[in-house]
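Novice: The chain contents come next:
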Amino acid sequence: MAQNEIAIDVNNITKSFKVFLDKGSQLKERLLFRKRSRYEERKVLRGISFQVKKGEAIGLIGHNGCGKSTTLKLLTKIMYPDTGTITMNGRVSSLIELGAGFHPDMSGRENIYTNASIFGLTKKEIDARLNDIVAFSELEEFIDNPVRTYSSGMYMRLAFSVAINVDADILLIDEILAVGDANFQAKCFNKLKEIKSHGTTIVIVSHSLGQIEQICDRSIWIHEGLIRAEGPPKEIDLEYLDFMGQKLQESTRKELEEKQQEDESAGQPEEEEQDETPEEKKRWGSGAARIKKIRAYSSDGAEQRIFRTGESIRFRLDYTVKEKVPDAVLGIGIFNRDGVQCYGTNTRIDKLTEFSLEKNGSAEIFLEKADLLPGEYLLDFAIETGDGIPVDYYREAYKIEMISNIGDVGISRLEHKWNI
Amino acid sequence: MNTIKELYAYRQMIFSLVKKDLRGRYKGSVLGFLWTFINPLLQLVVYTVVFSYILKANIDRYYLYLFVALIPWIFFSSSITVGASSVVAQKDLIKKIYFPRMVIPISYVTSCFVNMLLCFIVIFAVIIVTGVGVNFAALLTLPIIMGVEYVMALGMALLTSAVTVYFRDLEHILGIVSMMWMYMTPIMYDKSIVPDDLLPAFNLNPMTHVIECYRTVLYNKAMPDLSTLLFAAGLGVALLIIGCLVFNKLQRHFAEEL
Numbered sequence: 013m014a015q016n017e018i019a020i021d022v023n024n025i026t027k028s029f030k031v032f033l034d035k036g037s038q039l040k041e042r043l044l045f046r047k048r049s050r051y052e053e054r055k056v057l058r059g060i061s062f063q064v065k066k067g068e069a070i071g072l073i074g075h076n077g078c079g080k081s082t083t084l085k086l087l088t089k090i091m092y093p094d095t096g097t098i099t100m101n102g103r104v105s106s107l108i109e110l111g112a113g114f115h116p117d118m119s120g121r122e123n124i125y126t127n128a129s130i131f132g133l134t135k136k137e138i139d140a141r142l143n144d145i146v147a148f149s150e151l152e153e154f155i156d157n158p159v160r161t162y163s164s165g166m167y168m169r170l171a172f173s174v175a176i177n178v179d180a181d182i183l184l185i186d187e188i189l190a191v192g193d194a195n196f197q198a199k200c201f202n203k204l205k206e207i208k209s210h211g212t213t214i215v216i217v218s219h220s221l222g223q224i225e226q227i228c229d230r231s232i233w234i235h236e237g238l239i240r241a242e243g244p245p246k247e248i249d250l251e252y253l254d255f256m257g258q259k260l261q262e263s264t265r266k267e268l269e270e271k272q273q274e275d276e277s278a279g280q281p282e283e284e285e286q287d288e289t290p291e292e293k294k295r296w297g298s299g300a301a302r303i304k305k306i307r308a309y310s311s312d313g314a315e316q317r318i319f320r321t322g323e324s325i326r327f328r329l330d331y332t333v334k335e336k337v338p339d340a341v342l343g344i345g346i347f348n349r350d351g352v353q354c355y356g357t358n359t360r361i362d363k364l365t366e367f368s369l370e371k372n373g374s375a376e377i378f379l380e381k382a383d384l385l386p387g388e389y390l391l392d393f394a395i396e397t398g399d400g401i402p403v404d405y406y407r408e409a410y411k412i413e414m415i416s417n418i419g420d421v422g423i424s425r426l427e428h429k430w431n432i
Numbered sequence: 405m406n407t408i409k410e411l412y413a414y415r416q417m418i419f420s421l422v423k424k425d426l427r428g429r430y431k432g433s434v435l436g437f438l439w440t441f442i443n444p445l446l447q448l449v450v451y452t453v454v455f456s457y458i459l460k461a462n463i464d465r466y467y468l469y470l471f472v473a474l475i476p477w478i479f480f481s482s483s484i485t486v487g488a489s490s491v492v493a494q495k496d497l498i499k500k501i502y503f504p505r506m507v508i509p510i511s512y513v514t515s516c517f518v519n520m521l522l523c524f525i526v527i528f529a530v531i532i533v534t535g536v537g538v539n540f541a542a543l544l545t546l547p548i549i550m551g552v553e554y555v556m557a558l559g560m561a562l563l564t565s566a567v568t569v570y571f572r573d574l575e576h577i578l579g580i581v582s583m584m585w586m587y588m589t590p591i592m593y594d595k596s597i598v599p600d601d602l603l604p605a606f607n608l609n610p611m612t613h614v615i616e617c618y619r620t621v622l623y624n625k626a627m628p629d630l631s632t633l634l635f636a637a638g639l640g641v642a643l644l645i646i647g648c649l650v651f652n653k654l655q656r657h658f659a660e661e662l
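Sequences listed follow chains A and B, in order.
My numbering numbers the first residue of the first sequence as 13 and each following residue consecutively.
My numbering numbers the first residue of the second sequence as 405 and each following residue consecutively.
Think of the hints as simulated: they come from the structure by calculation, not from any bench.
Keep in mind that the hints are not guaranteed to be accurate.
[Said to hold, decoys possible] Partial list, derived from the structure: chain B residues whose beta carbon lies under 10 Å from chain A: (1) I501; (2) P504; (3) A659.
Just so it is clear, CB atoms sit at the ideal spot from N, CA and C, and this is done for glycine as well.
So that you can see chain B by itself, here it is in the shape it has in the complex (with noise of 0.2 Å):
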């Protein structure tokens, strides 16, 4: 309860570092900015010629049956990856100066949130351009979604980032973990197609039940599932508590450890 008057208190904080993240990440290149969405579409490109072109993956509007689902999946794997090394990388803040340290990684994932809903933009764009439309009473459940998939991502965010400061292969190992999640996620291919003996994995895979959330509201313009969504903001919650409680033991020595 302390914790949270505390990080109120530190609001401009976590404001001003998304901020500077924000301004930052891109400093210095020539297309600056664009590279948010640049990036995105990229990988979008090249999943949609193979999966669509060379495996044939047989999915109507397959560009957008990805899009939907890649754009929030960026946002929760760099959210655990990079944010794996946000408090690393803050160590001169953390050695030096006291403030609550869940700032570093809360501020992190925002911005990697921020980044997400500016990639929507384009998304949009795209639904609007190809003529798919959308269903506004469905869309309204999208900011539920998101704040599900704040909440995971921020979750896992506190674990990977107070545990790397003890244990800093992780950063690495998170790279290959990232890229397996992202395969026994339903992000290139359909859940349907998953054999049987996998599903229960599938299941128990938070992202599989946010990611088909969004592919509802988003590509079947349909009411995303209640009991998918309840049990994904279950799930999400579970990890931001088993976050919050690993993060907070181990903060008491990251001055020493860093």
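Pulled out of the complex, with its shape left as it was, chain A reads as follows (with noise of 0.2 Å):
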């Protein structure tokens, strides 16, 4: 590869954080305690490489706090590494802070000047920039105004304008498609598609798998301060996706593991009382039987808590039974993180022959096609009577993630198809 055509060049660059535990930046606390500000130092990059062609885009990719966002930080030279070396051949422009230095009580204009001025461009190069600025924020009728007076939509849209018509060789952006409308946000994305293939280098932080995917030509995937994984957007963002999926698995297990173990350490034979006590808003019930474990299967057989939109799942609950339930009822209710219900459902809506529960067993419920979208799903569960007496109704009994690389939105995928 050419020396000229590597827009970005990052090698082996490390950065460490200083923690302090308390820190005295006054005077008399540096004297006195000097030994004693502690810190600790925590290692947010430990050595990441890489190089970006000219015009390439890439997508930094990975869950809070492994370090992107740093280098990111590190790439626009607001911070520097510790080790290693970063170089970028070009103007770089950063859509991290929109807005920069706007001025409430200057109009949107003289804000504009200001604004691009903190990019490092002249007066010259603004004034030949105006126009497209302007017009792309669509605020022709208000750019003489103070910018105080400005709908915070506006004002977004006047930053974005601005910073993405700097023209600069290489444009970092952290996390900022949220801007204005959705018109708007359209509009900025087709601009940021028009940039990148006019030759602009693109480096973007997002967790919108579905944006990078969209944009990028590359990922590159940072866990733990070390790039993990690095390819085509579709296949690193799946992996991230799947491993993030274990990685919530196991802390959920966990969880549930330590839930049990407190409910087995509250012993047995206090059941009954049990049940007033702090339980009691999440389960009620007359308790002749109960429901005692609920497990989630994906299609493959695997014990799971995550799950792709639109994927199977089967719910297997097991449960005890102390006194007969006749004409028994069980019913499932799937409630999404704003508490609306999604979908509920029982063995009487859906008219099956009546049983009765008589001595301990498991019954199932099976999902053909879960299309939840993305998000954390809590699931009631619920054993009554033919008559709709509760026998043992468990609220928030469960708990599944819903995940997906399809950026639809709203609480349910509708099956459609396009005619154009």
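Can you join these two chains into the complex? Each is in its own frame, and there are hints to help.
Specialist: In structure tokens, the structure reads:
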């Protein structure tokens, strides 16, 4: 690869932050507690190297605190690496902080000059871009009003317009495509694509894998300060999603185990009293039968809590029976994070033949195509009698998470087809 | 060298920060920009009353004698005291966006400098109204003196603004330091009355020479002493170099410390 084709060359950078346990920045504290200002050194980056070719767009992905934003900050030269080198060839513009240096009392036009000057543009260059900036922001009528009279949407539109019109050779973006209304977002997105087609090198940090897949040629997955994988976004993003899924599963399993241990240590004999303790609000009913354990399985039979939108899910509930429950009804309710019920049904609604619970056993409900969109869902399970008296109503009995790399929005995916 | 090139590229930023600072400084106050003049004038009245009426300094036209020294001093002292917190005050910008960090102290000192230039209008008005008159040849050296002072003020501002980031007490310490510095500089009195054993300290003080030059040109209507001016320039350049070196070293961790 010829040297002049490389826009960004990151060579084995490391960065650690001092996390002060109690920091004294006053003279007295500095002098008196010199030895005592203890800190922990937290290594955020442990040696990252990558190159970006001119005109290439890359996405940095990773969970919170993995070091991707730090990497971006090092690229902008807001911070410097402890070791290693970064070479940037060309003018850099960053969409990290929009509207830097905006002064509320100055007009939009004056603020364009101030803001653009912070990106290193001279007056002449700004003059040349002014019309483009104003046109892109769609604020022609308001451009001579003070910025304090702008709505927050207008403010962001103006700020984005300046940043995107800098004509940088390298554009660094941190979670910004959340500007203004949907129309303007689409416009920004198209503008980014246009900029990219003109040969600008782009580095994006985003949680929205969909956006990365649309723009980027390559994804770099940073995990605990190291590059874990890089390659075509479609592949890397999937790998990343899988990894995140497993991780989440582990943590929920741990949570569950702890909960179970608590349950067990609470002791069986007092089970009936237990109904009235904290669990009370989440669980009620006659107690003739109780849901003992809930598990969810994917199509290949593995027990898990993370599912992809559209996958099948099989829930299995084990129950114990103390007294016979005639005409039993089993029910399920699925709620999203906002408490909105996404779906609910029971054996009576589904007109299953009457059955009674006589001894310990288990039951299953199979969702052939769980089209719930990404997010956490809480599940209620219930055993009732035929006339609707709760036997064991268990609220928020189980938690699942849906993941997806398609960017559709809402609660549930509706089967659809476009005709164009 | 790279720094200078980069600063040149960011000249528009310096320009707009200066403009913003000058426009924003007295925003919302009734008298607005007039404060630029009222403030030093009131100080002048106080010092004149104390030193020519009460303490009887016995200096001819004391008000002018003081005025031509006080205005340059106010520029210098505000550059170091308020300039010290200039970087901290812009922390939002520094944490979020890249630009050569020196832009901040430079633009702050520059805006103080512009303020001083405006005050010089008042000085000249006083000189003309009171019929003191000017020596035009000597006046030509005035820009050089101002330049020397600017370099000194900038050197100090770079130093104090960078150190303040790591050590916030400095802002408060500087209040006292600048007051002591003012009394240790022949602003309200003549250098001739300084006791001999203190003279070395006065001679090392870069502001002593600058103030003397201003006074020679504007009050005595004479050409400034070349050696004094050169010495001041040398001290100024030394200060600027130290300031730049310290600032460059310290600025690498600004974003983390702020």
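Novice: Run the structure past the numbered hints and jot down the numbers of the failing ones, going up.
Specialist: none
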